[in-house]
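Got chain A sorted already, so can you dock chain B onto it with the hints?
Number of protein chains: 2
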Amino acid sequence: MIQQLVAGIDIGGTNTVFGLVDFSGNIVFKETVPTEHFPNPKDLVEEVGEHIKRSFLRFDGKYQLAGVGIGAPNGNYFKGTIEFAPNLKWKGVIPLAQLFSELLNCKTILTNDANAAAIGEMTFGGAKGMQNFIFITLGTGLGSGIVVNGKMVYGHDGFAGEIGHVIMFADGRQCGCGRKGCLETYCSATGIKRTYSDLLMSHHRHRRMDRMVDNAKFIYDKAMQGDKDAIEAFNCTGDILGLALANSVAYTSPEAIFLFGGLAQAGDFIFKPTIESFEKNLLTIYKNKIKILPSQLTENNAAILGASSLLWNEIAVK
Amino acid sequence: MIQQLVAGIDIGGTNTVFGLVDFSGNIVFKETVPTEHFPNPKDLVEEVGEHIKRSFLRFDGKYQLAGVGIGAPNGNYFKGTIEFAPNLKWKGVIPLAQLFSELLNCKTILTNDANAAAIGEMTFGGAKGMQNFIFITLGTGLGSGIVVNGKMVYGHDGFAGEIGHVIMFADGRQCGCGRKGCLETYCSATGIKRTYSDLLMSHHRHRRMDRMVDNAKFIYDKAMQGDKDAIEAFNCTGDILGLALANSVAYTSPEAIFLFGGLAQAGDFIFKPTIESFEKNLLTIYKNKIKILPSQLTENNAAILGASSLLWNEIAVK
Numbered sequence: 001m002i003q004q005l006v007a008g009i010d011i012g013g014t015n016t017v018f019g020l021v022d023f024s025g026n027i028v029f030k031e032t033v034p035t036e037h038f039p040n041p042k043d044l045v046e047e048v049g050e051h052i053k054r055s056f057l058r059f060d061g062k063y064q065l066a067g068v069g070i071g072a073p074n075g076n077y078f079k080g081t082i083e084f085a086p087n088l089k090w091k092g093v094i095p096l097a098q099l100f101s102e103l104l105n106c107k108t109i110l111t112n113d114a115n116a117a118a119i120g121e122m123t124f125g126g127a128k129g130m131q132n133f134i135f136i137t138l139g140t141g142l143g144s145g146i147v148v149n150g151k152m153v154y155g156h157d158g159f160a161g162e163i164g165h166v167i168m169f170a171d172g173r174q175c176g177c178g179r180k181g182c183l184e185t186y187c188s189a190t191g192i193k194r195t196y197s198d199l200l201m202s203h204h205r206h207r208r209m210d211r212m213v214d215n216a217k218f219i220y221d222k223a224m225q226g227d228k229d230a231i232e233a234f235n236c237t238g239d240i241l242g243l244a245l246a247n248s249v250a251y252t253s254p255e256a257i258f259l260f261g262g263l264a265q266a267g268d269f270i271f272k273p274t275i276e277s278f279e280k281n282l283l284t285i286y287k288n289k290i291k292i293l294p295s296q297l298t299e300n301n302a303a304i305l306g307a308s309s310l311l312w313n314e315i316a317v318k
Numbered sequence: 001m002i003q004q005l006v007a008g009i010d011i012g013g014t015n016t017v018f019g020l021v022d023f024s025g026n027i028v029f030k031e032t033v034p035t036e037h038f039p040n041p042k043d044l045v046e047e048v049g050e051h052i053k054r055s056f057l058r059f060d061g062k063y064q065l066a067g068v069g070i071g072a073p074n075g076n077y078f079k080g081t082i083e084f085a086p087n088l089k090w091k092g093v094i095p096l097a098q099l100f101s102e103l104l105n106c107k108t109i110l111t112n113d114a115n116a117a118a119i120g121e122m123t124f125g126g127a128k129g130m131q132n133f134i135f136i137t138l139g140t141g142l143g144s145g146i147v148v149n150g151k152m153v154y155g156h157d158g159f160a161g162e163i164g165h166v167i168m169f170a171d172g173r174q175c176g177c178g179r180k181g182c183l184e185t186y187c188s189a190t191g192i193k194r195t196y197s198d199l200l201m202s203h204h205r206h207r208r209m210d211r212m213v214d215n216a217k218f219i220y221d222k223a224m225q226g227d228k229d230a231i232e233a234f235n236c237t238g239d240i241l242g243l244a245l246a247n248s249v250a251y252t253s254p255e256a257i258f259l260f261g262g263l264a265q266a267g268d269f270i271f272k273p274t275i276e277s278f279e280k281n282l283l284t285i286y287k288n289k290i291k292i293l294p295s296q297l298t299e300n301n302a303a304i305l306g307a308s309s310l311l312w313n314e315i316a317v318k
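These protein sequence lines map, in sequence, to chains A and B.
Going left to right, the first sequence walks through residues 1 to 318 as the working numbering numbers them.
Going left to right, the second sequence walks through residues 1 to 318 as the working numbering numbers them.
Wrong hints could be hidden among the right ones.
Copies of the same chain look alike in the list, so a pair counts if it fits in one copy or across any two.
Unchecked claim - In silico lysine-lysine, DSS-like type, Cα no more than 27 Å apart, as pairs:
{"no.": "1", "residue 1": "Lys128", "residue 2": "Lys289"}
{"no.": "2", "residue 1": "Lys180", "residue 2": "Lys289"}
{"no.": "3", "residue 1": "Lys79", "residue 2": "Lys291"}
{"no.": "4", "residue 1": "Lys128", "residue 2": "Lys151"}
{"no.": "5", "residue 1": "Lys128", "residue 2": "Lys180"}
The set of hints was computed from the structure by calculation and includes no laboratory data.
The shape of chain A in the complex, shown without the other chains:
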């Protein structure tokens, strides 16, 4: 019997990662190309498409392509487009789903990367069987995917689930979106770096943030060594994240909230203050019944699994 595979494609600012995934979430082929090498999105589509076609030739008829799932920044599920993504060099509206669908002659679904990862968690990860959950990616920014009644919330326009841009503090930190005080300016790799820097400046006025603090992993390593400012940076981040998640519960009352991404790998340093603040700030009817859990997807494979699950999820529902 010929087995079906789905192509999962994750478009990132630096790299485009893609692979072929079977129904159980096994990745049978995986490849990376640098997104920046393709100023014209059509060229990227052809390059990726060629790789996928060549794989199937090598499989010698054992597999067939059931469809393509794409996770992309500013991806619009309804239109299959990437729209004005600040982290990509492609400007305007890119009909990426259509381009892949025409080239590979199969069903193609596109959504933003955080939504794709959320569906990945539901299809292959810790949210299997859950009808209501929230998925948070703590990367350079804060992405989110909200699942209600077993379905991704896309909203009226396909752009639902931007919890990273909930304004936490009027006149707070400047956000890349042009507004101030957005959650992701505090709770993300970028956010905790700013917090750590602020703490260093206020506690040790003579010290300036050194150039080594170019990633959040540095702050984790410092915290592991007992550095008080690093531990406090995690506590401040968890305080704000816990409040934001408690507020989020008042919207969709989920069974669980999953944290994914570099910052979520800091274990207790981030989970402990987040859960403390979460429970403290929850309305009584919600207390002690909503789990805050680490994502069960591995950092390396989440993007491909998430993108492929866009298709697997719809096939499974039918």
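Below, chain B without anything else, positioned relative to chain A:
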């Protein structure tokens, strides 16, 4: 042909209003009993049930009862219960749907009053045909119902949609829920009274809030007379409400947001500052495409229509 009617019952702290509603939203019978006269909820159920039975006798076989819909404070859709409602004298968990279902021998659906009103808006009001919208009641508190993909969001536990208890300001105003800074302490009849009182105290230190300000209508009348403090109270309320609604959009990206209740009847005094703040605080991708609208349900009939629509909506979906 025998026509079907649904009983819509709204349990309030003071009164229980109920009626019989046809498929088009016509109320063919309506009655009110004082909730407080029934310390035992079973007695209220019997009283209301008797009224409903007697009506059908009078109809002389022209109608039959298709079901009962109930809107109630702290109503739980999944369990059909009222749970620990602070505004009712009934303590603990009341299985109200079961009591009505047994007495009247028909399907009974119960949810909280704001959810019921939201489904009323979708079935009989301005949200007809909308798949994604948010419904806000500005009464003593701030209630909300969220519709996603054409369905009410109940969440994992049946308690979703408590936007009134989103914490807007850490260490803000004391809320009846025991926490501080909840949206409803600012944006509700109670909230605007506190704001107006604060403004009077700060602008005219010699004046104390007089006892006449026992309802928000008084502030509306003052604003109509050009009273600057009253107008500023509306502006402050709209500022915060607009921000809260802009944040809400980041969750479910609705087509429209409906405002219902006494405060929503203040027209431009509340809508203008709310919409200004809303658009100012929206993420760019959402700007200029989400409508903030007054509810199309009349204040008098909304509760009964909303409660009855719980049944009509499920019947219509099938």
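Structure-based check of all given hints:
In this assembly of identical chains, the alpha carbons of Lys128 and Lys289 lie at most 27 Å apart only when taken from the same copy (18 Å versus 35 Å across copies). Taking the closest pair of Cα atoms, Lys180 and Lys289 come within 27 Å of each other only across two copies (21 Å); inside a single copy the shortest separation is 32 Å, beyond that limit. With identical chains, the CA atoms of Lys79 and Lys291 are at most 27 Å apart between copies only, with a shortest distance of 22 Å across copies and 34 Å within one. Taking identical chains as interchangeable, the C-alpha atoms of Lys128 and Lys151 lie at most 27 Å apart whether they share a chain (12 Å) or sit on different chains (22 Å).
Taking CA atoms no more than 27 Å apart as the test, Lys128 paired with Lys180 passes in neither setting, with 36 Å inside one copy and 36 Å between copies.
When the structure is compared with the earlier hints, a violation turns up for hint 5 alone.
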